[in-house]
Amino acid sequence: MTGDDPLLRAEGLEKRFTTSDGLLERLLGRGETIRAVDGVDLEIAEGETLGLVGESGCGKTTLGRLLVGLDEPSAGSVVYRGRDLATLDRRERRELRTNVQYVFQNPLASLNPQLPVGDIVGEPLAVHDIVPPDRRDDRIADLLETVGLEPSAANRYPREFSGGQCQRIAIARALAVEPEVLVCDEPVTALDVSVQARILNLLSELQAEFGLSYLFVSHDLSVVEHVADRIAVMYLGRIVERGSPTQLFEGDSHPYTEALLSAIPEPDPCWEGDRIVLEGDVPSAIDPPSGCQFHTRCPKVIPPSAYDLECEVFRGVMDLRLDLADAVADGGDPREALRWPPAGATNATAIDADSTFTAGAIKDAYGIPRTLTDEDAEAALTEALEALAAGDAERARSRLSRTFESPCETDRPDPQVVDDSGDARHRIACHRFYDRATRE
Amino acid sequence: MSIIRYTLRRALTAVPVLLGATAITFSFVYLTPGDPVDVLVGFDHVDPETRAALRAEYNLDRPLWQQYLLWLGDVVTFEFGESPITGRDVGETVASRLPHTVALGVASWTLSLAIGVPLGILAAIKQGQPADEASRIAALVGIATPNFWLGLVLLFVFAVHLGWVRVTPPDAPLVSLEMAWFVILPTVTLATALAAIVTRLMRSSMRRELDREYVRAARARGLRERTVILKHVLRNASTAVVTVAGLQIAFLVDGAVVVEHVFSWPGMGQLLVESIGRRDVSVVQASVLLIAVATVAANLLVDVAYAIIDPRIRHDR
Amino acid sequence: MGCRKGFDERVGRRTILRGLGAVGTIGLSGCITAERDDRISESGPTELIQRGFEATGVDAPFETTIYANAENGERSRWAQLVQHELNETGLFDVDFEQLEWGSYEQLCLNMADNAENALVTLDISGGWDPHTYVNSLFHSDRRSPNGFNFNHYTDDRTDELIDSGLAESDPERRADIYRELQERLARQVPISIVRSGEETAIYRCDAIDDWRQYPLPGSEYDAVYTPYGREFLESEDGAELVVDLPATVSNPDPVRMNDTTSNMATTPIYEGLLAVDFEGAVRPSLATDWEQLDPTTYRFELRGDVAFHNGETLTADHVRATFERYAGTPRETDVYDWYEDTVVIDETELEIHLEREYGPFEVSVGVPIVPLAASEGALDLSEEPTGTGPYRFDEYADGEYWRLRRFDGHWFDGDESVPERPPVETITMRIVPDPASRRAAIEAGELDLATQISAADVTDLETQSAYCVERSAAGAIDFLVYPAYLEPFTNADVRRGIDRLIPRETIVEDVYAGVGAVAYTPIPPLLEEFAVDSLDPDR
Amino acid sequence: MALLEVENLTVQFYTEDGVVRAVDGLSYEIEAGETFAIVGESGAGKSVASLSLLDLVGRPGEIVDGEVRFRGRNVLELPREELRRLRGNDVAIVFQDSQAALDPVYTVGEQIVETMRAHEVASGREARERAIALLERVGIADAQSRYSDYPHELSGGIAQRVLVAVGLSCEPDLLILDEPTTGLDVTIQAQLLELLEELASSFETAIQLVTHDLGVVAECCDRVLVMYGGRAVERAPVEELFYDPAHPYTAGLLASIPRIGADRERLPSLPGGPPNPIQPPTGCRFHPRCPYAEEVCATSEPDLVETETGTAADATRQDHVAACHEHTGDLEDGLGYAVRVVDDSPDATRGTSPGGSSGRGHDDR
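Residue numbers (UniProt numbering), protein chains in the order written: chain H, 1 to 440; chain C, 1 to 317; chain Y, 1 to 539; chain Z, 1 to 365.
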């Protein structure tokens, strides 16, 4: 489906924000840089729907804004029909705005409550002077009908409509200028399931009717799966995996994608699969983790090759290591940063907060077996925990970080093509797939 | 961001504001036609040499920017020099008037809050009930009553007919019981409109906050209604009032001109009006500078108070 | 008491464009009206105006604006009466506008330079000499902003008459000159004089027995005790008199003084060589005797044993130093219009040489005689006004009050009409800027006397037995300025026509509640020998 | 006697356009320790019903009828002070919008401590320690420093956890969760659901979960009540509801859930919109949207009956009840949908198994 010349292509797209706004901050150099979008390549073909998935704060909204030219990229380029957006002049930019439209997450908030629906939908017609004034009312009625509303809705105000209807109005407004691309930012997140389904159906119908291309941004894979031809999964400003839904859901996938997928509640009370629950929130984009940015939460983080450790076990060791590093960096009591006293520690091994750390209790708290299968690893861990118990957090930290350094935290994984057979190229940026990729 | 750092940051931004304000008033005062020397000589046709000598005496012959810099230099050393009109030290003149205005301003500001805040809260809680309606009417009357008229009415009723207070200030120190007694009428006059504004504002922001989810959540947590209103709603609602209370400093200066006139109160308002009438540029500039400093300081206080009340301000970047 | 005179003269010449209040005199000049009505005969005002319109090629209705300053309600009202009369003729379409004082002052001072299409309404107060009323308003040297010749009226004969009036010291000849001048002005009507004012004082009858009002503003409180004027205020010895001041005292130093208020506040402090009494007669004060040796030389005999408040004793050197002190000061023209030098003959005798013959010399020479310490710079009169008067400066609370105390070292020994020392020991002048508050203060008993009360309040309080009112014709006139630089006002017929339309009686009776009198000529009836009873404007 | 008994609860809102019956004769009960779900679209009245349990419906709403008995005492008739003691202490609510439900000007810790103090559960240092322990308990890392964070400094997931901690602060017997996961990322939602399950078992707290997301219901609830237009249309144990929905509305809801691998071009969806709250449809309120509606549906209002027997439902019994004429035999053609269960190998985990789709799907007809 991707032709030679995609409708919209992004190359090496980056967007950095700086947190400082005041003169003083700038003088003191206190500003911190947020890498909201960090080197993204992307393309959308004509008539295609690209799903963009990720958690809040992963940069997907920023990416959407960059693609429609609402924001200027810090680096990289966006090419629309072969034209680099950066080279466009004002008029062309204006034209582009009519070709690429945006539908926002919160339908009610994005509609001016003071205006009747007819004016809201008709506004872009007037601004871009698309339809002569005398024919505007007809066009507005057409548009409202297209999105499944009565033409009489034109005389009413947004607050008189339900969430789903407001989203229809927003879509009608976006369609008013006959765009080629619609960027839908979480268009159904705020809606009820039954309404959600109908909006999704509407979007598909519109695509079929007008040959629209969509960039469909959502955190819900089940929704994206439903509408997208291809899916890109984003984590902390980078795209970690992309491919067709089938490739993502039926073949191998990035551990992050797996986690997202697993998190969707199964509407089946008897389903008893294992759920992958990621710990914590998305890390801050101000100081993103090194290497593979997901390594701080990844359940399948790769153990150092020197040791023979299970993934889950190593995850526990990693968590301990990272928490300890935080504690040392903050200079506080390690007990405050560590899982201490161990949450949910109900058995006898749980120790009250005032007693000293014991290696066993810490291991329990981090889900590490009392004895590691790998002897060298066990020795190093024991040594570190003893140091910690003795109160030398710094020694414990350095011992741990020297011994248990994962390749995931040192090298940034490049996307590897794992499957080129289907209708899309399936690429994953994860060290686990390096072997396979090189094999191919 | 800590409160101290926040305060410092806000204070730094006040410096250019002050510079700008003084530069503007400085040029404004000079650009208005009529010159102190004209007033001095009473529009008489004096010997041109005398006129020139007088102008030189007060640097009026120099280019405007030089005058401004000279003046600025004086200001930072707190040397305002001598007024060409009165021959008195400008700093002393202003300093002798300032306490009166501060006393009146602080008193009426406090009174307006003391009346407006509880009344606003009451009206918000009793929405639609007689107490609310009464406060609405009272506020409307308060806003609509001109200070000048109210001041005179109070004067004739309480000073002339009832004889409870004096018409003119007593010969007593500013900080004395007699003076405090006298200040009641001007304070009430000046506070009335302010109190009315505060009442309406307090009411509307309380109403807005009362509809917020956290209020319902606080009730759901089993907090006493008193706690919900006074601890939660009031604190959130007070941000708007704090902002307006700060802006009212400027309003007070404006109102003081009229109220001081009616009550023969020797404050900054009268001084300013008088000095403008006499083209006493040096006094006008010093007064305006003082008012600007006061306004900026008040706004700084408002910002800091705001940040203390609402932690989001401190963190917003 | 001569000091008075210096002040009056100064006040007049430098003039105070009065922003606030209305002061007026009772109708001394009412006699003119009846005669005038007979004279209007052959051409009425509208015919005059029409004739003027034809001559200047202006079509009716002519659009213009009449202005007043918003602070002065009475002035605004009479301006509107004029507006109404003009619009009634159908020849004019007049707007009325109010400006605040500062803008209004600028409008007036610059109207000719900006060729404003505006009629402005003002008043002016002068002194005991006719020169003070005509020079600033009509002399071509005094075109605004150098004076109050607002519409830049220029007439060589007028200038000549004004100048010769000033230079003539023979009273008879002066009277002729001013009569001719006023007749000329009545024909040309560069401005229309509407009303002559009146000085009023209102006081509590229980606090003050009888009050004599000085006719010129600035010298009101002379009446407390004036040996020269044979007036004093009866009261128990050591009493305090509380009176009003309409504004703060801007500067009590005679060479820097620039407002009436400072004048009022310092009148009892200073004395000059000669003074003008309540009737306008020149009286000896610090000088016991004087004679004109030739047109430009006057010899003065000083009173001996006169003490200044700072302990100095008056000598001829004080007089000389006082005059010299004016050089290069803002008030230079008070003296250097005529002063050449002083020859000290001995301690108590001196000759003053004039640079030219000077008509108003006797009313001008009474500037406040100040101590040598002030002339030498050791004493700052701005901070501490010091003279030889019956009261000395006690304290000033800026914006609140100005207080004087009896000066026990005053030279006067008492005579059959005035006691040796003033019964009132303390004069407290309370600064009450608002006229309504002044009224309230007098009603509340906080003021014994107030001088600046609105005409309406005066007539209101007059009816109450607790209050007494003292009025006297004053040296003030209200007038209407034409934009005489602008067609059709360039035409004298137009101005004359409008002049006749001005409803003077209504203005005095309705607007000023009968305070003041209708007036047609610039020299008020207070100056009896110079005022003109009747004039034929069409002559 | 159940922990909570709701009987014939009726709540009205007086709006400019007319009277809205937001909750109309709702009856149900919750046993101690049970997790009970109320499901429905926006505007179905589920949030209003929850607020009514603590008499928190403010103007312009009013509870016009019914009883809410908690441990046998009618909450709606309690004196003010007793009602206050009940709120937060015996019954706590976790509101939907966690950021809005926390007072922005007080720290997280202050608000937890304040709640404990209001019920004299703990105060001073002890309250502080308990608050920190609670924050840890709900899985907040670095609870000590989070204690002095302001709400705006929290992410949505953390804020929701804080709200749960506030709810649990006085160890209530019943915790009402109003759309606790709406607006959260799926990953955070998963964390929270896991937490709820754990808490329900360790605190022995009964939970009333209000949600529109049937996936969430399937995850963690024992019994479900489905609301439509202010009324209960179906109530059943969770398995029965999912495998044998007795009301066409429930069936429609189930069908419209997007499912990974379901491989449907179009999502089945319910036609039309929610009923007009001011003038609800006659008869069965769902009939205008119901594909199986017959004449009787428009004229006669179906009662809530046991699906098996067709006898009138009793709020106290944990049966499968529904309000559809089908179950009283009044429907001529019957309900034409069937539930298809796609069974995968039991050890399959989603996403990673090559087999793809899993779970059970519901299809129209």
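The set of hints was computed from the structure by calculation and includes no laboratory data.
Predicted, not measured: the structure shown is a model, and the values here were computed from it.
Virtual Cβ for every residue (Gly too), placed ideally from N, Cα, C.
Treat each hint with caution, since some may be false.
To be verified - Okay, derived cross-link-like pairs now, EDC-like style, lysine to aspartate or glutamate, Cα gap no bigger than 20 angstroms in a straight line:
(1) H:Lys-300 with H:Asp-281
(2) C:Lys-231 with Z:Asp-149
(3) H:Lys-300 with H:Asp-274
(4) C:Lys-231 with Z:Glu-120
(5) C:Lys-231 with Z:Glu-110
(6) C:Lys-231 with Z:Glu-62
(7) C:Lys-126 with C:Asp-38
(8) H:Lys-300 with H:Asp-423
(9) H:Lys-300 with H:Glu-310
(10) H:Lys-300 with H:Glu-405
(11) C:Lys-231 with C:Glu-133
(12) C:Lys-126 with Z:Glu-62
(13) C:Lys-231 with C:Asp-254
(14) H:Lys-300 with H:Glu-312
Unchecked claim - Not close to chain H: a few residues of chain Z, all C-beta gaps over 12 angstroms, as computed:
(15) Glu-29
(16) Thr-107
(17) Arg-117
(18) Ala-141
(19) His-152
(20) Thr-181
(21) Leu-193
(22) Glu-240
(23) Gly-252
(24) Glu-308
(25) Gly-310
(26) Glu-332
(27) Tyr-337
Unchecked claim - A partial selection of chain C residues facing chain Z, derived with a Cβ cut-off under 7 angstroms:
(28) Arg-10
(29) Pro-48
(30) Ala-52
(31) Ala-53
(32) Arg-62
(33) Glu-213
(34) Tyr-214
(35) Ala-217
(36) Arg-221
(37) Arg-312
(38) Ile-313
Evaluated hints:
For the proposed pair H:Lys-300 and H:Asp-281, the alpha carbon gap of about 17 angstroms is at most 20 angstroms, so the pair holds. Restraint check for C:Lys-231 and Z:Asp-149: satisfied, since their Cα atoms lie roughly 18 angstroms apart, inside the 20 angstroms limit. Among the hinted pairs, H:Lys-300 with H:Asp-274 is consistent with the structure: their alpha-carbon atoms are about 15 angstroms apart, no more than 20 angstroms. Between the alpha carbons of C:Lys-231 and Z:Glu-120 the distance comes to roughly 18 angstroms, so the proposed pair stays at or under 20 angstroms and holds.
Restraint check for C:Lys-231 and Z:Glu-110: the C-alpha separation of about 12 angstroms stays at or below 20 angstroms, so the hint holds. Distance hint between C:Lys-231 and Z:Glu-62 is unfulfilled; the C-alpha atoms sit about 26 angstroms from each other, more than 20 angstroms. The hinted pair formed by C:Lys-126 and C:Asp-38 fails the criterion: a straight-line CA distance of about 61 angstroms is larger than 20 angstroms. In summary, the hint linking H:Lys-300 to H:Asp-423 is not supported, as the alpha carbons are separated by about 28 angstroms, beyond the 20 angstroms threshold.
With a C-alpha separation of about 9 angstroms, the suggested pairing of H:Lys-300 with H:Glu-310 holds against the 20 angstroms cut-off. Between the alpha carbons of H:Lys-300 and H:Glu-405 the distance comes to roughly 14 angstroms, so the proposed pair stays at or under 20 angstroms and holds. Our distance criterion of 20 angstroms between C-alpha atoms is broken by C:Lys-231 and C:Glu-133, whose separation comes to about 25 angstroms. Between the alpha carbons of C:Lys-126 and Z:Glu-62 the distance comes to roughly 18 angstroms, so the proposed pair stays at or under 20 angstroms and holds.
With a C-alpha separation of about 34 angstroms, the suggested pairing of C:Lys-231 with C:Asp-254 is violated against the 20 angstroms cut-off. The hinted pair formed by H:Lys-300 and H:Glu-312 meets the criterion: a straight-line CA distance of about 7 angstroms does not exceed 20 angstroms. Chain H leaves Z:Glu-29 outside its interface by the beta-carbon criterion, the shortest separation being 20 angstroms against a cut-off of 12 angstroms. The claim that Z:Thr-107 lies off the interface holds: its Cβ sits roughly 17 angstroms from the closest Cβ of chain H, which is beyond the 12 angstroms cut-off.
Separation of Z:Arg-117 from chain H is adequate, the least Cβ-Cβ distance of about 23 angstroms exceeding the 12 angstroms criterion. With a minimum CB-CB distance of about 7 angstroms to chain H, Z:Ala-141 fails to clear the 12 angstroms threshold, and the non-interface call is violated. Consistency note on Z:His-152: stated as away from chain H, and its beta-carbon is indeed over 12 angstroms from all of that chain's, at 15 angstroms minimum. Non-interface call for Z:Thr-181 relative to chain H: violated, since the shortest CB-CB distance, roughly 8 angstroms, does not exceed 12 angstroms.
The claim that Z:Leu-193 is not at the interface with chain H is violated, since a C-beta of that chain comes within 12 angstroms of its own (minimum 7 angstroms). Z:Glu-240, annotated as away from the interface, has a beta carbon of chain H within 12 angstroms; the closest lies near 9 angstroms. Interface exclusion of Z:Gly-252 from chain H breaks down, the closest Cβ pair being 7 angstroms apart, not more than 12 angstroms. Every Cβ of chain H is farther than 12 angstroms from the Cβ of Z:Glu-308; the closest lies at roughly 20 angstroms, confirming the non-interface assignment.
Chain H leaves Z:Gly-310 outside its interface by the beta-carbon criterion, the shortest separation being 25 angstroms against a cut-off of 12 angstroms. The non-interface label for Z:Glu-332 is consistent with chain H: the shortest C-beta to C-beta separation is roughly 26 angstroms, beyond 12 angstroms. Annotated as non-interface, Z:Tyr-337 keeps its C-beta farther than 12 angstroms from every C-beta of chain H; the closest such distance is 15 angstroms. For the restraint placing C:Arg-10 at the interface with chain Z, the shortest Cβ-Cβ distance is roughly 19 angstroms, beyond the 7 angstroms limit, so the hint is violated.
At a threshold of 7 angstroms, the smallest CB-CB gap from C:Pro-48 to chain Z is about 67 angstroms, leaving the interface hint violated. Hint on C:Ala-52 is violated. Least Cβ distance to chain Z is approximately 63 angstroms, over the 7 angstroms limit. Below 7 angstroms, beta-carbon pairs count as interface contacts, and C:Ala-53 has none with chain Z, the closest being about 63 angstroms; its hint is therefore violated. Against a cut-off of 7 angstroms between C-beta atoms, the interface hint on C:Arg-62 is violated, since the closest Cβ of chain Z lies about 53 angstroms away.
The closest approach between the C-beta of C:Glu-213 and any C-beta of chain Z is roughly 4 angstroms, which is under the 7 angstroms cut-off, so the hint is satisfied. For C:Tyr-214, the interface hint holds, since its Cβ comes within 7 angstroms of a Cβ in chain Z; the closest pair sits about 5 angstroms apart. About 4 angstroms separates the beta-carbon of C:Ala-217 from the nearest beta-carbon of chain Z, less than 7 angstroms, and the hint is met. Checking C:Arg-221 against chain Z: minimum C-beta separation of about 4 angstroms stays under 7 angstroms; hint holds.
This hint holds: C:Arg-312 has a C-beta 5 angstroms from the nearest C-beta of chain Z, less than the 7 angstroms allowed. Taking 7 angstroms as the C-beta cut-off, the interface hint given for C:Ile-313 is violated, the closest approach to chain Z being about 10 angstroms.
Comparing the model with each numbered hint stated earlier shows that hints 6, 7, 8, 11, 13, 18, 20, 21, 22, 23, 28, 29, 30, 31, 32 and 38 do not hold.
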